[in-house]
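These protein sequences, in sequence, are chains A and B. Numbered by this note's numbering, the letters in the first sequence go through residues 1 to 949 in order. Numbered by this note's numbering, the letters in the second sequence go through residues 1001 to 1281 in order.
Careful, some of the hints might be misleading.
Stated by the list, open to error - Ranges of calculated distance between the beta carbons of each label pair, as one might list FRET restraints:
| hint | chain 1 | residue 1 | chain 2 | residue 2 | range |
| --- | --- | --- | --- | --- | --- |
| 1 | A | R9 | B | A1225 | 29 to 37 Å |
| 2 | A | L443 | B | N1068 | 47 to 55 Å |
| 3 | A | R849 | B | Q1133 | 33 to 41 Å |
| 4 | B | D1183 | A | S50 | 47 to 55 Å |
| 5 | A | T840 | B | L1166 | 24 to 32 Å |
| 6 | A | T840 | B | E1243 | 25 to 33 Å |
| 7 | B | Q1176 | A | R510 | 42 to 50 Å |
| 8 | B | S1260 | A | A449 | 55 to 63 Å |
Honestly, the hints are just simulated from the structure, not real lab data. These numbers come from a predicted model, not from an experiment. Even for Gly, the Cβ is constructed at its ideal location relative to N, Cα and C.
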Amino acid sequence: MKTWFHSWRAAVRIARRDAWRFKGRSFLVLAMLTLPILGVGAADLTYRSSELSVEETLTRDMGRSDARISDPELGGAPLYQGPDGNGYRPVGDFENKPYPEGPADLEKGVPAGATTLEDSTGTGKLRTSYGLLPTEIRELKASDPMAEGIMRLTEGRFPQRSGEIAATTHFLEAGKLSVGDSVTARGLDTSYRIVGAYELPSDLNTDQVNALPGTFLAPLDKALKADELPGVESSTTHLVKISGGFTWNMVKETNKHGLVVTSRAVALNPPALSDVPLYQEAGESPYDSGGGIEDEEMVILATVVGLAMLEICLLAGPAFAVGARRSRRQLGLVGANGGDRSHIRAVVLAGGLVIGVASAVVGTVLAFGLTVAVRPLMEEYLGQRFEGLDIRPLELLGIALIAVVTGLLAAIVPAITASRQTVLASLTGRRGVRKSSRVLPVLGLIATALGAAIALYGTTLSSQVTLVAAGSALAELGVVAMTPALVGFFGRAGRWMPLSPRLALRDAVRNRGRTAPAVAAVLAAVAGSVAVATYAASDDAEQRAKYESSLPYGAVSAVVDDGDSRDVPAVRDAIQKNLSIDVRADVDRVLVGKAGCRMYYGGEDGCGSVEIAVPKANVCPLWAPDVQDAELEFSAAERRKLMKDPRCEENNDYSGIEAGILIGGPEVLDVLGIKDPAAKTALADGRAVSFNKFNLQKDGKVGIRLIMDSDAAQEAISDGKEAPGEVKSIAAHQVKGDPRSYGAEVLMTPATAKAAGLKTAPVGAYYSTSALPSSEQQQKLNGDLDKLGSSVSLRVEQGYVGDSNTTLLVLTVFAGLITLGAAAIATGLAQADAEADLKTLEAVGAPSRVRRTLSGFQCGVVATMGVVLGSLAGVLPAVALRLTERRSAMEMFQESLDEALGTPSSPYTPIVIPWETLGGLLIVVPLVATVLAALVTRSNGSMGRRAVT
Amino acid sequence: MPRHPHNSPQHGPRPDADAPHASQRPSPLTAAPSPNSARSADPVLRLVELTRVHGSGATEVQALRGINLDLFPGELVAIMGPSGSGKSTLLTIAGGLDKPTSGSVIVEGTDITTTDRKSLAALRRRSIGYVFQDYNLIPALTAAENIALPRELDGISARKARAEALAALEEIGLTQLADRFPDEMSGGQQQRVALARALVGDRRLVLADEPTGALDSETGEAVLALLRSRCDAGAAGVLVTHEPRFAAWADRVVFLRDGSVVDQTLRSSADSLLTGQAADL
């Protein structure tokens, strides 16, 4: 043991000094080994720092208080809750009846002797210098010691009287405001002065303003309601401070009043599961937040790290081989002085160790630097402040060890090769015939066959993607191992080539020991890229085929989602101003209830909803209101038969406007591309236009049902009856030929609607464009819409736009760079060997450019062999994966046909070879490698004596 | 340790040595072989019927044909001969870097033609020292570390190996070079450090292959003087050289031609041997 240690010490000393002597080569390998450590180390530090302890999370939520009591609006009915306050349910059996509703009395839940602080939140649109900004309004006395830690003041102070607010820094930035400015809320005349700026440490990207309780939400609510607009929806919680903390028993007591408690004491010291009635009596199981890395993710992570290590080994290995070859005489001297094979191995391996350790140290230090440097950016990106740098020494050590292990692994093959040289051959610089291992290709063949078999099994018999992936990975490793043998096949092409490429090819084939790792590195990178590129291209073709346009090509639609009609004219104008509009068709919606009512909010504050009263005979029997479970009530044969019924045809088109009832002029028909002159006539005649013949009653009219009582409607539907509501019948024209209407069911002019007794409100517009909007136009439009503070659903139909082009480009560039790097390293290695041949060539009168061209072709040969083998090895697994997908898609299709649920479309799983990527890799990259290597090689070699080391 | 009777370390350069045959100098070729008293001890190196054939069939080359040689402690033998006569082959086989086709090589009682690779490496660490024409030193190691290398490879602690290396440097009067790297030393200094390394520890056999080939004559003389003095101190040395001038430092000169020993006395002139007119023993 001791002997071993002393001789290794000498080896490490030689390796260390050599690494320093050949700084360029060392730096190259160091960089390759350092980068992953830097990345993974920084990711670990950032991830750990962003994780908060329970205590820190609680402080950010409830400041210095002991608990937060909130009202789940179960009407004050007693409830059971989980220890962390996230899960709850009312006490009792609610299997067949809805949960109770209504507010509870917060005061009742506060234990005796506790002090409380009110915390209310609502939303409003605040007018900033930019436009209208939807903002959270939070009423909390932030200067109270109990609230300390919830908001971090960055400037000024918190509000102390009414008319004052503080705002988050994000709000101030978004609204181009600063402390000292004043803002108003839309619908409220009062102006508020900003007296301070703060941030929410766990939610940096929130637009929020803080006011004293009662100074903002209540006045705003009152003002909005006075204008017949929906009021502010707000929720209130209580922060509670009580000596001795808010115990689990107190929580259970509070639960009796229908309130939920998040308690610091309970969170830090959770009760036994047996003491949680929610789990014991209500039968719920504790919610597992997961948190840890799942097994599958771990496997993927291990695979990625493993493949990255393999790639680095394949790239760095030749660099160590160059080192060993250049210091052949030095190793010979060690041998002459009594070093046996293990000592020679130790010297070369120590090279890997030295650079591995250096990379580990440098990578870890840089990771710290990077983490500290990008911390503000990461905090912004993740939207939360870190609580200091959280260092996990064991994790970092493990990550750093990857560099050491990779360094050692990369040096293993060069070490073994070097130790096999006889001392005499090393000393005299004689180039013996280097035999490549015969075991490795056989192992490779076995691995390839086994991997292919597994992948084949996955493809044909099991449809398991993981099996296909695992089999492909194994086969890939096998091909890498077979590389030396495969390289041999290329040698046969040499006979037909001119001198320089012939020399380069023969040299590469004869010296497989050094060619193979470089070719394998290229192979692995290219195979991975080609596999992903093939998959991406195929997937892209599939998505393109599946794509369904939401409007005619080039058309634009805008719908103000919340139905706040006041914003609509400005939205319509903004679009017209920013895009190249041909036809503009303004669209209104049916308004049910008072002026402020929004779409889809039936049942609240005197607002209702609207639907088309479809005649019962026209409803698909599978979806009829009285059918509870189609699978039980119809046999498969019946279902299959019904699926061919036109009534049961599924339509995924969606207009964004409630019930698809559009109030607008004949321009809507133009934009939607509906060419039916009779439809325009019908509109002019005061009739509606129907786009779906099943909506029509027997008398040719369309019925529009206005529902005011949504609860009664729900009940009626669940009883299999029609929803109660007033039905307005309007004479309608059915469009000929059943053209696509993109979700529109009925169109009528405002006059027709009015005549039928329907109230309307502006909701949006349809446009046809003369030119597709450019990216600049769209950005400008989005900016203008943001200023309006309105939530607008904007659809611009540009046909299918895939995002795989960027992926393919990135992959091509990545594989190209790896190829160039590996080929360059292999060329360096070949050059170190070829000096004697070049001297001979010069001596027999070869022109000096031969040196250049030879070096160029040496580089080109490696690149070509790598990309050819890699492309083959990459296309196959991708094709296998696609075949698996095709198979499982067919199975699913067959299954849904058999079960007759829904109307499946027949699957389309194309296999597309990415010729552009392949072309780039197969032709351009080897060409670039050849030219680059030729350019950087000196054309005249030094005629000096033999190399020093 | 048996010592050459007329060559104690303080005698200085061999040509001026007050040897029994001093009167016959400056022609060292006429020097008598070592006195028999030295041969009473066991030879450090013994070559028995050594043959080496390179290649086979049409490419067959007889590099060595039945060489016999005994080398005793305190003795320096020079090997001369024209190019391709087998000088270097003889040296590499003697040091165990190459295997003979037949015959045996016995180093300090061990037949190295039959030992395994590991023991052979150990033998090179403990018994055999090499000095080549140039680039003898490992560039990444200082002079002291170069000398300590065989000892460290042998598993001696770095501290002890360094102490031995410093002692060796002191013996050759180059203590000031201890912490210099090879590229900071002159060629002569490098060769002397290589000599010190060849004899560090218990090693008694130095195999020097043209150690002065890359040096000017003055520096070459200094290196040879050192080799001579180490042999006088009890080591045994084999010196392959082209130059009769350097061969004059040896106790015996062995002449090789076409793989055979054509003379191993000092009675005939080197020149006549080289031209093929060697006198008989």
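Status of the hints after comparison with the structure:
no.: 1; hint: A:R9 with B:A1225: 29 to 37 Å; verdict: holds, 35 Å
no.: 2; hint: A:L443 with B:N1068: 47 to 55 Å; verdict: holds, 50 Å
no.: 3; hint: A:R849 with B:Q1133: 33 to 41 Å; verdict: holds, 35 Å
no.: 4; hint: B:D1183 with A:S50: 47 to 55 Å; verdict: holds, 52 Å
no.: 5; hint: A:T840 with B:L1166: 24 to 32 Å; verdict: violated, 46 Å
no.: 6; hint: A:T840 with B:E1243: 25 to 33 Å; verdict: holds, 30 Å
no.: 7; hint: B:Q1176 with A:R510: 42 to 50 Å; verdict: holds, 48 Å
no.: 8; hint: B:S1260 with A:A449: 55 to 63 Å; verdict: holds, 58 Å
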